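Trainee: If you want the building blocks of each chain, they are given just below.
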Amino acid sequence: MATQHSRSAARIMMAPAVVLLLGWMLIPLIMTLIFSFKKYLPMRGGDLGWVGFENYVRFVSSSAFWPSVSATLIIVGGVLAITIVFGILLAILLNQPMWGQGVVRILVIAPFFVMPTVSALVWKNMFMDPTNGLFAHLWRFFGAEPVSWLSEASLPSIVLIVSWQWLPFATLILLTAIQSLDSEQLEAAEMDGAPPLKRFAFITLPHLSRAVTIVLLIQTIFLLAIFAEIFVTTGGAFGTRTLTYLIFQRVLESQNIGLGSAGGVYAIILANIVAIFLMRIVGKNLDA
Amino acid sequence: MGQIKLNQVTKSFGDVQVIPPLDLTIEDGEFTVFVGPSGCGKSTLLRLIAGLEDITSGHIDIDGSDATNVPPAKRGLAMVFQSYALYPHMSVRKNIAFPMKMAGVPEDEQKRRIDAAAKALNLTDYIDRKPGQLSGGQRQRVAIGRAIVREPSAFLFDEPLSNLDAALRVGMRLEISELHKRLATTMIYVTHDQVEAMTMADKIVVLRAGFIEQVGSPLELYHTPRNEFVAGFIGSPKMNLIKGTEAQKHGAATIGIRPEHTDVSKTEGMWKGRVGVAEHLGSDTFIHVHDTGLETGPDDLFTVRITGDIQAKHGDDIYLTPQLDKLHKFDAQGLRVD
Chain A
1 MATQHSRSAA
11 RIMMAPAVVL
21 LLGWMLIPLI
31 MTLIFSFKKY
41 LPMRGGDLGW
51 VGFENYVRFV
61 SSSAFWPSVS
71 ATLIIVGGVL
81 AITIVFGILL
91 AILLNQPMWG
101 QGVVRILVIA
111 PFFVMPTVSA
121 LVWKNMFMDP
131 TNGLFAHLWR
141 FFGAEPVSWL
151 SEASLPSIVL
161 IVSWQWLPFA
171 TLILLTAIQS
181 LDSEQLEAAE
191 MDGAPPLKRF
201 AFITLPHLSR
211 AVTIVLLIQT
221 IFLLAIFAEI
231 FVTTGGAFGT
241 RTLTYLIFQR
251 VLESQNIGLG
261 SAGGVYAIIL
271 ANIVAIFLMR
281 IVGKNLDA
Chain B
1 MGQIKLNQVT
11 KSFGDVQVIP
21 PLDLTIEDGE
31 FTVFVGPSGC
41 GKSTLLRLIA
51 GLEDITSGHI
61 DIDGSDATNV
71 PPAKRGLAMV
81 FQSYALYPHM
91 SVRKNIAFPM
101 KMAGVPEDEQ
111 KRRIDAAAKA
121 LNLTDYIDRK
131 PGQLSGGQRQ
141 RVAIGRAIVR
151 EPSAFLFDEP
161 LSNLDAALRV
171 GMRLEISELH
181 KRLATTMIYV
191 THDQVEAMTM
201 ADKIVVLRAG
211 FIEQVGSPLE
221 LYHTPRNEFV
231 AGFIGSPKMN
241 LIKGTEAQKH
251 GAATIGIRPE
261 HTDVSKTEGM
271 WKGRVGVAEH
281 LGSDTFIHVH
291 DTGLETGPDD
301 LFTVRITGDI
311 QAKHGDDIYL
321 TPQLDKLHKF
331 DAQGLRVD
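Protein chains in written order, with the working numbering: chain A, 1 to 288; chain B, 1 to 338.
Isolated chain A (complex conformation) (with noise of 0.2 Å):
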């Protein structure tokens, strides 16, 4: 099978893909990193020639800078908690037998097939508006002022639409692996005499371990890169600003290219170091 010949022959046929993901990949980091050594104004004179790390130092002095790291970590966190805990429990309920099993397991998927410009209007006009919303209309049901959402509680408004888009790939990668839970392991620990809170956290919970990790990953990799649910509910203000709405706030609103390339190489840097931590949890999960 794997002659010399077809092995060969395989290599040539897939030259061309990985050439072309190769370009994708490459070509755009080099500007990157090209840009981040210029000085570069676009609308203020273009390429005003090398600066060395000059960039770098201002991106990470800006005031700014910390208070973006800080947002993008509370929601990444903030949302990937969430859809992990609700994941776990939705999984659950949908892998009960119940009436309608295959409609409400559409429906829960449905939100992933929103975009995320869409569902974040959506939330910002029909939920969280302080005159017009749902919420709004509720609080005063019960005499309570309205709150402003996305001003007042920006950040836990920003990870609840987020976790909101998110939970059903949680929901949905966690209950393929409930299914493949063995009853008879179950079986076998109910005759043990676990009660079921412990047949969960002895049995169930450890069985989810591959799956939460990842989900972990990968919502990690997506998460850290929202930018759609930022730009059309805050617009980056009411300290919601991430590192991405921060390196785009750079380039396109200071027209500043080089200053703006240097935050991508940090962004580049951030999302390895936390690449490398989780490689690290599941290569640890997949071995076992």
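The hints are simulated quantities; they were obtained by calculation from the structure and are not laboratory data. Bear in mind that the values here come from a model prediction, so they are computed numbers and not experimental data. Glycine included, C-beta positions come from ideal geometry on N, C-alpha and C. Some hints here could point you the wrong way.
Computed spacing ranges between beta-carbons, pair by pair [stated by the list, open to error]: (1) F13(B) with Q101(A): 18 to 28 Å; (2) I273(A) with T124(B): 37 to 47 Å; (3) L205(A) with N163(B): 25 to 35 Å; (4) E145(A) with G104(B): 45 to 55 Å; (5) G132(B) with L205(A): 11 to 21 Å; (6) G132(B) with A64(A): 48 to 58 Å; (7) I92(A) with S65(B): 51 to 61 Å; (8) Q133(B) with L270(A): 37 to 47 Å; (9) L270(A) with N163(B): 47 to 57 Å; (10) V122(A) with G104(B): 49 to 59 Å; (11) G132(B) with M279(A): 28 to 38 Å; (12) E27(B) with K198(A): 32 to 42 Å; (13) I269(A) with F13(B): 57 to 67 Å; (14) F13(B) with W99(A): 50 to 60 Å.
Chain A is fixed; fit chain B onto it per the hints.
Mentor: Chain B only, in chain A's frame:
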């Protein structure tokens, strides 16, 4: 203690009744085997006793007290599953400790029982491995170990050997029998393999479609099967069942003769046939005889078993003579007549 009594127990899944009203008593210390073809309800019956399924009507008494509505963990029974159902993320030690941990057994007592079980089951060298690193037979022993440490009033085995290869199965069969002799605890064992049933049981319960066809010791079942089904099910190779004129000569609707109770000659005998396949096992020879003219079934096959070796080639003529005192007679309903 471990007497289990089933009183008019039934089980239905929706409209389908898988266990019709059934009475059965399993005495303390007895090794009882439920045997029957697949789908006969033997596993369901075991799960009813374990409490993993709710019975539809009737009562189950364990040690004289009604256990019908007692949850599985409180029945004092331990079960060994077909898939072993070991907890894959726990080491052998933790697997065995799990039921004691749940029951709140003190640490030093746990350790003592684990060490004793590991020693008895030859698991000491593997005690810190995970189930994934063990062979099938070792996993089987861990599952048994997990059952032993609970010191249950009865063990339930659900086809525990069906995932093992033939050689290992014979070994584990002996180990389980040995264990029963040593512990003298009630054991209920489900299998579809009549060899396991014959070799291990004190009492065999033959089931078909939820009905108990016969209850008795292995030799009772072998020598006096109550009906045609039991006659055909117990014994290997299967008993030859003959209908038609030959049976009427003996005043029965069906007569049965075991392969080992038939004499074979190349020159003379009661029935004449042609050798089909001869299976030479060395100690025995099984000969499948065709064209006997006896109504043994659609393929008209008659099996004989001869101790030792015999020169029989495909297509040879052969004469068969049944040992008439070993003949089983059944009436039109398939019930035994004596």
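Trainee: So the hint says 45 to 55 Å: do the beta-carbon atoms of E145(A) and G104(B) match that?
Mentor: holds, 52 Å
Trainee: Can you tell me whether the CB distance of E27(B) to K198(A) sits inside 32 to 42 Å?
Mentor: Holds: the Cβ-Cβ distance is about 34 Å, inside 32 to 42 Å.
Trainee: Verify the CB-CB distance for V122(A) and G104(B) against the hinted window 49 to 59 Å.
Mentor: holds, 52 Å
Trainee: Taking 48 to 58 Å as the hint, is the beta-carbon distance of G132(B) and A64(A) inside that range?
Mentor: holds, 50 Å
Trainee: For I92(A) and S65(B), compare the CB-CB distance with the range 51 to 61 Å and indicate the outcome.
Mentor: violated, 35 Å
Trainee: Taking the Cβ atom of F13(B) and the Cβ atom of Q101(A), is their distance within the range 18 to 28 Å?
Mentor: holds, 19 Å
Trainee: Go ahead and decide if the range 50 to 60 Å is satisfied by the Cβ distance of F13(B) to W99(A).
Mentor: At 18 Å between Cβs, range violated.
Trainee: Against the range 11 to 21 Å, how does the distance between the Cβ atoms of G132(B) and L205(A) compare: consistent or not?
Mentor: Holds, since G132(B) and L205(A) (Cβ atoms, about 18 Å apart) stay within the stated range.
Trainee: Indicate whether the distance between the beta carbons of I269(A) and F13(B) respects the range 57 to 67 Å.
Mentor: holds, 60 Å
Trainee: The hint says 47 to 57 Å between L270(A) and N163(B); measuring C-beta to C-beta, is that right?
Mentor: The hinted range 47 to 57 Å holds for L270(A) and N163(B), with Cβ atoms some 49 Å apart.
Trainee: Looking only at beta-carbon atoms, does the pair I273(A), T124(B) fall within the given range of 37 to 47 Å?
Mentor: holds, 45 Å
Trainee: Go ahead and decide if the range 28 to 38 Å is satisfied by the Cβ distance of G132(B) to M279(A).
Mentor: violated, 22 Å
The structure does not agree with the numbered hints 7, 11, 14 stated previously, though it agrees with the rest.
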